[in-house]
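In this note's numbering, the protein residues as written are 1 to 275.
Read the hints as simulated data drawn from the structure, not as lab findings. All C-beta atoms in this analysis are idealised placements derived from N, C-alpha and C, irrespective of residue type, glycine included. Hints are supplied without guarantee of correctness; some may be wrong.
So the derived label-pair ranges between C-beta atoms look like this [to be verified]:
hint	residue 1	residue 2	range
1	2	221	18 to 24 Å
2	222	163	41 to 47 Å
3	34	117	20 to 26 Å
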Amino acid sequence: MQERISRYANNEILPTFIYNFFTKEDDPKAKAFQQHPEQFPATHFSTEGGMFLMPNTKYVPGKSESFERPEDILASTRNTGGFALVGYWVPPGVFEGKEPFNKLFGVNTQRAEGPESRETIAAYNKRTDSSFIVNPIDLQKKHIPMLNEFKEMSLKHLQDVYGVQPDKEKVDIYLHSPIYGNRTAGLHIHVRINQNLPAGEIDSNRLGFDKLMSILNDEKISDSHIREHILNSGLKTNSGSFLSFSSAWGRQQFEGTATTYVPNPFRRPDLMTST
1 MQERISRYAN NEILPTFIYN FFTKEDDPKA KAFQQHPEQF PATHFSTEGG MFLMPNTKYV
61 PGKSESFERP EDILASTRNT GGFALVGYWV PPGVFEGKEP FNKLFGVNTQ RAEGPESRET
121 IAAYNKRTDS SFIVNPIDLQ KKHIPMLNEF KEMSLKHLQD VYGVQPDKEK VDIYLHSPIY
181 GNRTAGLHIH VRINQNLPAG EIDSNRLGFD KLMSILNDEK ISDSHIREHI LNSGLKTNSG
241 SFLSFSSAWG RQQFEGTATT YVPNPFRRPD LMTST
């Protein structure tokens, strides 16, 4: 596990689609933000960074970057699997001065001191003398205000833009297994509304947002022990191995670690492939 965690330092900062959102004018997600800014709310941006929420493209009709009629999506998906949003953390010292960044967070910043090219997480940590948040195990108590604001913002956004009344609809806020694949590595939080996924296609090792906050807010748990408590909150096998429900793409990122792949017994027949 520690070997896998240490390898994140070699990753480039943020998933490609998030990095492109802030740096490429022709990026589809950036264009969707310009056209539908109300679908991209954000927290305040501080020295600890900030978070923004957006439609989860996988669950948008046509897999576009925004909902054409967000006010209708609740009713149209209530009995067909619901809809989903996802929030990503944005680190400080990278995108300041970029037009999408300033508009998203409602600030007027100057150009960041970082390099023009995309740097690795190790290089970012060295340059900024801070720790990049790859996944939940990197969180500390100083991030509590940002996370609290993200939840409050998300619930208000659901009501204002999508007409969701959290006390009447099924609103699920959670994080994936603490160990992410490289493709999506970067703190992100899922916000799902009325979603009923088939057995085996939910995150068996998910970390509920409220569970995460209970760990961070526990006065008996210091910053140095948060990682341990988050990892121990997940499912394990009888032998003590961590169990994570995830696709097996990118197996090379786990090479050299004690990782075992097992078939998904819940996978629906129409999704199975023969080898």
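Against the structure, the hints come out as follows:
no. : hint                  : in the structure
1   : 2 - 221: 18 to 24 Å   : holds (20 Å)
2   : 222 - 163: 41 to 47 Å : holds (42 Å)
3   : 34 - 117: 20 to 26 Å  : holds (25 Å)
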